[in-house]
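Student: Chain by chain, the residues:
Protein chains: 2
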Amino acid sequence: MSTKATFYHAGCPVCVAAERTVAEALDRSKYTVEIVHLGQQKSRVAEAENAGVKSVPALVINGQPFHINHGADLSVLK
Amino acid sequence: MSTKATFYHAGCPVCVAAERTVAEALDRSKYTVEIVHLGQQKSRVAEAENAGVKSVPALVINGQPFHINHGADLSVLK
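Sequences listed follow chains S and L, in order.
My numbering applies: residue 1 is where the first sequence begins, and numbers increase by one.
My numbering applies: residue 1 is where the second sequence begins, and numbers increase by one.
Treat the hints with care, since some could be wrong.
Same chains, same label: a pair holds when it works inside one copy or across any pair of copies.
Unchecked claim - Keeping only pairs whose Cα atoms sit at most 16 Å apart, straight-line, the calculated EDC-like set for lysine to aspartate or glutamate is: (1) Lys78 - Glu49; (2) Lys4 - Glu24; (3) Lys54 - Glu24; (4) Lys54 - Asp73; (5) Lys30 - Glu47; (6) Lys4 - Glu47; (7) Lys78 - Glu24; (8) Lys4 - Asp27; (9) Lys4 - Glu34; (10) Lys30 - Glu49; (11) Lys42 - Glu24; (12) Lys78 - Glu47; (13) Lys42 - Asp73; (14) Lys78 - Asp27; (15) Lys78 - Glu19; (16) Lys78 - Glu34.
These are calculated hints, taken from the structure and not from any lab test.
Using the sequences and the accompanying hints, generate a full structural model.
Tutor: Rendered as structure tokens:
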């Protein structure tokens with residue numbers, strides 16, 4: 001069964017580096033990876049927040065939030 | 001060719017969660033993943049620092065440091 005992994009970002013340089021390297025490195029045979037640009041999909045900010053995301057870039061795997069470096073606080077995306 | 005990914009941690013709860021979830025999710029067909037416990041291998045703190053690691057848990061992929069959440073500053077491990 002595939003585990004859901006969601007990578008939230010906002011297009012910032014820190015986000016792009018994490019997307020290209022960390023999100024790209026996930027095992028696609030085990031994980032279904034969705035990339036969400038919160039700057040362009042503001043309707044999903046609440047979903048990220050509910051998952052415990054405080055800043056982007058962040059990766060939510062199995063409902064657990066992992067903040068990867070620091071690009072921007074979620075509050076600036078609301 | 002396999003890319004080198006090094007996961008640095010210090011056994012803290014935040015580290016263990018990141019290890020079990022993020023380090024575990026990396027595609028082993030493309031990445032050679034090494035797990036380094038800096039509390040037990042203090043001789044490798046300098047190597048992590050040279051790679052730009054400031055805190056653990058951190059993942060270094062292709063020489064780029066990615067700090068995943070925040071467990072402890074590297075300075076407390078010296």
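Student: For each hint, tell me whether it holds in the structure or not.
Tutor: These are the hints, each one checked on the structure:
Taking CA atoms no more than 16 Å apart as the test, Lys78 paired with Glu49 passes inside one copy only; the shortest distance there is 11 Å, against 35 Å between copies. In this assembly of identical chains, the alpha carbons of Lys4 and Glu24 lie at most 16 Å apart whether taken from the same copy (14 Å) or from different copies (14 Å). For the identical chains of this complex, Lys54 and Glu24 are neighbours neither inside a copy (22 Å) nor across copies (23 Å), given an alpha-carbon limit of 16 Å. Taking identical chains as interchangeable, the C-alpha atoms of Lys54 and Asp73 lie at most 16 Å apart only when both belong to the same chain, with a minimum of 6 Å there against 19 Å between chains.
For a Cα distance limit of 16 Å, the shortest separation of Lys30 from Glu47 qualifies neither inside one copy, at 23 Å, nor across copies, at 31 Å. In the homo-oligomer, the alpha carbons of Lys4 and Glu47 lie at most 16 Å apart inside one protomer (14 Å), although the nearest pairing across protomers, at 33 Å, exceeds that limit. Taking identical chains as interchangeable, the C-alpha atoms of Lys78 and Glu24 are never at most 16 Å apart, the minima being 27 Å within one chain and 32 Å between chains. Proximity of Lys4 and Asp27 under a CA criterion of 16 Å is satisfied in both settings, with 11 Å inside one chain copy and 15 Å between copies.
Taking the shortest Cα distances, Lys4 and Glu34 sit within 16 Å of each other inside one copy (8 Å), while across copies they are farther apart (24 Å). In this homomeric assembly, Lys30 and Glu49 never come within 16 Å of each other (Cα to Cα): the closest approach is 25 Å inside a single copy and 32 Å across copies. Proximity of Lys42 to Glu24 under the C-alpha cut-off of 16 Å is found in neither arrangement, the shortest distances being 23 Å within a copy and 30 Å between copies. Proximity of Lys78 and Glu47 under a CA criterion of 16 Å is satisfied intra-copy only: 12 Å inside one chain copy versus 39 Å between copies.
In this homomeric assembly, Lys42 and Asp73 come within 16 Å of each other (Cα to Cα) only inside a single copy, at 14 Å, whereas the closest approach across copies is 33 Å. For the identical chains of this complex, Lys78 and Asp27 are neighbours neither inside a copy (31 Å) nor across copies (33 Å), given an alpha-carbon limit of 16 Å. Within a single copy, Lys78 and Glu19 get their C-alpha atoms no closer than 21 Å, and across copies no closer than 31 Å, so neither meets the 16 Å cut-off. For the identical chains of this complex, Lys78 and Glu34 are neighbours neither inside a copy (20 Å) nor across copies (38 Å), given an alpha-carbon limit of 16 Å.
In this structure, the earlier hints numbered 3, 5, 7, 10, 11, 14, 15 and 16 are contradicted, and the remaining ones agree with it.
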